[in-house]
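If you read the sequence shown in the numbering used here, its first letter stands for residue 1, the second for the next number, and so on.
Hint data in this document are derived by calculation from the structure and do not stem from the laboratory. Don't take each hint at face value.
The calculated SDA-like cross-link candidates involving lysine to any residue, where the alpha carbons are at most 20 Å apart (straight line), are [stated by the list, open to error]: (1) 130 with 145; (2) 295 with 242; (3) 74 with 50; (4) 295 with 311; (5) 295 with 205; (6) 72 with 19; (7) 295 with 240; (8) 295 with 202; (9) 130 with 205; (10) 72 with 51; (11) 72 with 62; (12) 92 with 116; (13) 295 with 323; (14) 92 with 57; (15) 92 with 157; (16) 130 with 275; (17) 92 with 109; (18) 74 with 104; (19) 72 with 156; (20) 130 with 277; (21) 130 with 17; (22) 130 with 52; (23) 295 with 344; (24) 74 with 54; (25) 74 with 62; (26) 92 with 130; (27) 130 with 152; (28) 130 with 57; (29) 72 with 83; (30) 72 with 85; (31) 295 with 275; (32) 74 with 160; (33) 92 with 67; (34) 295 with 199; (35) 92 with 110; (36) 295 with 198; (37) 92 with 60; (38) 92 with 73.
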Amino acid sequence: MAQASSPADLSSIAFRSVRLWLVIVAAMVVATLLVGGATRLTESGLSIVEWRPVTGTLPPFSDAQWQAEFEKYKAIPQYREINRGMTVDEFKTIYWWEWGHRILGRLIGAVFLLPFLFFLWRGWIPDRLKWPLWGVFGLGALQGAVGWWMVASGLSERVSVSQYRLAFHLTLACVIYAAIAWIILRMRDATRTRAPLTPARLVAGIVVALIIVQIYLGALVAGIDAGLTYNTWPLIDGAFIPAADRLWFETPWWRNLFENTLMVQFVHRMMAYLLVVTILGYGATLLATPARPGKNSATLLAATIVVQAAAGILTLLYQVPLTLALLHQLLAIAALTAALVHLHDVSAASSMAEGAASGKRHETLAGRI
Numbered sequence: 001m002a003q004a005s006s007p008a009d010l011s012s013i014a015f016r017s018v019r020l021w022l023v024i025v026a027a028m029v030v031a032t033l034l035v036g037g038a039t040r041l042t043e044s045g046l047s048i049v050e051w052r053p054v055t056g057t058l059p060p061f062s063d064a065q066w067q068a069e070f071e072k073y074k075a076i077p078q079y080r081e082i083n084r085g086m087t088v089d090e091f092k093t094i095y096w097w098e099w100g101h102r103i104l105g106r107l108i109g110a111v112f113l114l115p116f117l118f119f120l121w122r123g124w125i126p127d128r129l130k131w132p133l134w135g136v137f138g139l140g141a142l143q144g145a146v147g148w149w150m151v152a153s154g155l156s157e158r159v160s161v162s163q164y165r166l167a168f169h170l171t172l173a174c175v176i177y178a179a180i181a182w183i184i185l186r187m188r189d190a191t192r193t194r195a196p197l198t199p200a201r202l203v204a205g206i207v208v209a210l211i212i213v214q215i216y217l218g219a220l221v222a223g224i225d226a227g228l229t230y231n232t233w234p235l236i237d238g239a240f241i242p243a244a245d246r247l248w249f250e251t252p253w254w255r256n257l258f259e260n261t262l263m264v265q266f267v268h269r270m271m272a273y274l275l276v277v278t279i280l281g282y283g284a285t286l287l288a289t290p291a292r293p294g295k296n297s298a299t300l301l302a303a304t305i306v307v308q309a310a311a312g313i314l315t316l317l318y319q320v321p322l323t324l325a326l327l328h329q330l331l332a333i334a335a336l337t338a339a340l341v342h343l344h345d346v347s348a349a350s351s352m353a354e355g356a357a358s359g360k361r362h363e364t365l366a367g368r369i
């Protein structure tokens, strides 16, 4: 039976293998996010109307199989109300986007689970990472079910998927990516000691949370096609802050936050401004403070968020072209990654400072004894 490895044992082939595996899984999650974004933007998400996790792996091959899949699609409201008259060849285009998105999700499950079980058998996974990795696997399994739950919302009465479910689906994917990225960053940390909550660590953690919230808000924008309206900047509906009666006309009031295109886009814009101001101000404070750790990663984060904001503005002004929209989504993942790297930097520095202070206290106590 293989013996369990300590964190210190992950220094050669074991460490490199586990890290490479997690990097590959993280890259596959990013690829799935981008293909999912393209699936949404090309309105391809409802082209496969059944959830067959095993038998649905293979696409249609013969003309008869393609026609059978097309007939299933023709039975849903999206075809009848939007795509009536579509040919089989046109159907194939949207089918391949959805099929690719689903097959990537299935591949991620296999690429994660099989090496994970092997590494556990070899004892290459340190105890402190076992439960977090099982948690990632559980989230991945949940994500598959959420994906079908989302698709199912557009098969009976709607002509598109529910924006509520779409936003949850995208946000959960980003949480899974963030969890994997955080585990990769923490792999070389030799201690489990929790870093003290310094001001820098607090702000860095808040920034990570705000970016995830902003990704959720962006998914709402995509879910109700709010990016195809109010395509001006910096004004929206003729003002920087639209009239209250335009923002709050839905009842009950909370529906405006999810279903009113003006409000949804406005909130997404305001959160973007908040992120840019917070990150630039925080970064400037770090750079102005001598010997403050995390300066390089804070600079990278600031640059990423500025480029991301610019991409968002261009995506809006050009009315959401596919390439710009996917770039905007990719940069959101890049901003999340940069924020996680910075959070790790300041957390590691806090842990080291706490460890050094603890060592001095022990030395002082020993000297007194």
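Right, here's what the structure says about each hint:
Pair hint residue 130 plus residue 145 does not hold up; C-alpha atoms about 23 Å apart against a cutoff of 20 Å. The straight-line distance between the Cα atoms of residue 295 and residue 242 is roughly 38 Å, outside the 20 Å bound, and the hint therefore fails. Proposed proximity of residue 74 and residue 50 is supported: the alpha carbons are some 13 Å apart, at most 20 Å. As the CA atoms of residue 295 and residue 311 are separated by approximately 24 Å, the hinted pair breaks the 20 Å bound.
Between residue 295 and residue 205, the direct Cα distance comes to roughly 16 Å. Compliance with the 20 Å bound is thereby established for this hinted pair. Our distance criterion of 20 Å between C-alpha atoms is broken by residue 72 and residue 19, whose separation comes to about 43 Å. For a cut-off of 20 Å, the pair hint linking residue 295 to residue 240 is broken: about 33 Å separates their Cα positions. Proposed proximity of residue 295 and residue 202 is supported: the alpha carbons are some 16 Å apart, at most 20 Å.
A C-alpha spacing of about 23 Å is found between residue 130 and residue 205, which places the hinted pair above 20 Å, so the restraint is violated. Restraint check for residue 72 and residue 51: the C-alpha separation of about 13 Å stays at or below 20 Å, so the hint holds. Between residue 72 and residue 62, the direct Cα distance comes to roughly 16 Å. Compliance with the 20 Å bound is thereby established for this hinted pair. Proposed proximity of residue 92 and residue 116 is contradicted: the alpha carbons are some 35 Å apart, above 20 Å.
With a CA separation close to 32 Å, the supplied pair residue 295 and residue 323 exceeds the 20 Å bound. Taking the CA atoms of residue 92 and residue 57, the gap is near 16 Å; set against the 20 Å cutoff, the hint holds. Taking the CA atoms of residue 92 and residue 157, the gap is near 23 Å; set against the 20 Å cutoff, the hint is violated. Only pairs whose Cα atoms come within 20 Å are accepted, and residue 130 paired with residue 275 is rejected, the gap being roughly 34 Å.
Using a Cα cut-off of 20 Å, the hinted pair residue 92 and residue 109 is violated, with the two alpha carbons roughly 26 Å apart. For a cut-off of 20 Å, the pair hint linking residue 74 to residue 104 is broken: about 25 Å separates their Cα positions. Using a Cα cut-off of 20 Å, the hinted pair residue 72 and residue 156 holds, with the two alpha carbons roughly 12 Å apart. Between residue 130 and residue 277 the CA atoms are separated by roughly 38 Å; this puts the pair beyond 20 Å, and the hint is violated.
With a C-alpha separation of about 15 Å, the suggested pairing of residue 130 with residue 17 holds against the 20 Å cut-off. Proposed proximity of residue 130 and residue 52 is contradicted: the alpha carbons are some 30 Å apart, above 20 Å. For the hint pairing residue 295 with residue 344, the CA-to-CA distance comes to about 12 Å; that is within 20 Å, so the pair holds. The hinted pair formed by residue 74 and residue 54 fails the criterion: a straight-line CA distance of about 24 Å is larger than 20 Å.
A hinted pair counts as satisfied when its Cα atoms are at most 20 Å apart, and residue 74 with residue 62 qualifies at roughly 18 Å. The suggested pairing of residue 92 with residue 130 is violated, with an alpha-carbon distance near 42 Å, which exceeds 20 Å. Among the hinted pairs, residue 130 with residue 152 is inconsistent with the structure: their alpha-carbon atoms are about 34 Å apart, more than 20 Å. For the hint linking residue 130 to residue 57, the alpha-carbon distance of about 30 Å lies beyond 20 Å, and the restraint is violated.
Restraint check for residue 72 and residue 83: the C-alpha separation of about 13 Å stays at or below 20 Å, so the hint holds. About 15 Å separates the Cα atoms of residue 72 and residue 85, which keeps this hinted pair within 20 Å; it holds. The straight-line distance between the Cα atoms of residue 295 and residue 275 is roughly 18 Å, inside the 20 Å bound, and the hint therefore holds. In summary, the hint linking residue 74 to residue 160 is supported, as the alpha carbons are separated by about 14 Å, within the 20 Å threshold.
For the hint linking residue 92 to residue 67, the alpha-carbon distance of about 10 Å falls within 20 Å, and the restraint holds. For the proposed pair residue 295 and residue 199, the alpha carbon gap of about 14 Å is at most 20 Å, so the pair holds. Taken as a hint, the residue 92 and residue 110 pair is broken in the structure, with Cα atoms around 26 Å apart against an allowance of 20 Å. The hinted pair formed by residue 295 and residue 198 meets the criterion: a straight-line CA distance of about 15 Å does not exceed 20 Å.
The straight-line distance between the Cα atoms of residue 92 and residue 60 is roughly 10 Å, inside the 20 Å bound, and the hint therefore holds. With a C-alpha separation of about 11 Å, the suggested pairing of residue 92 with residue 73 holds against the 20 Å cut-off.
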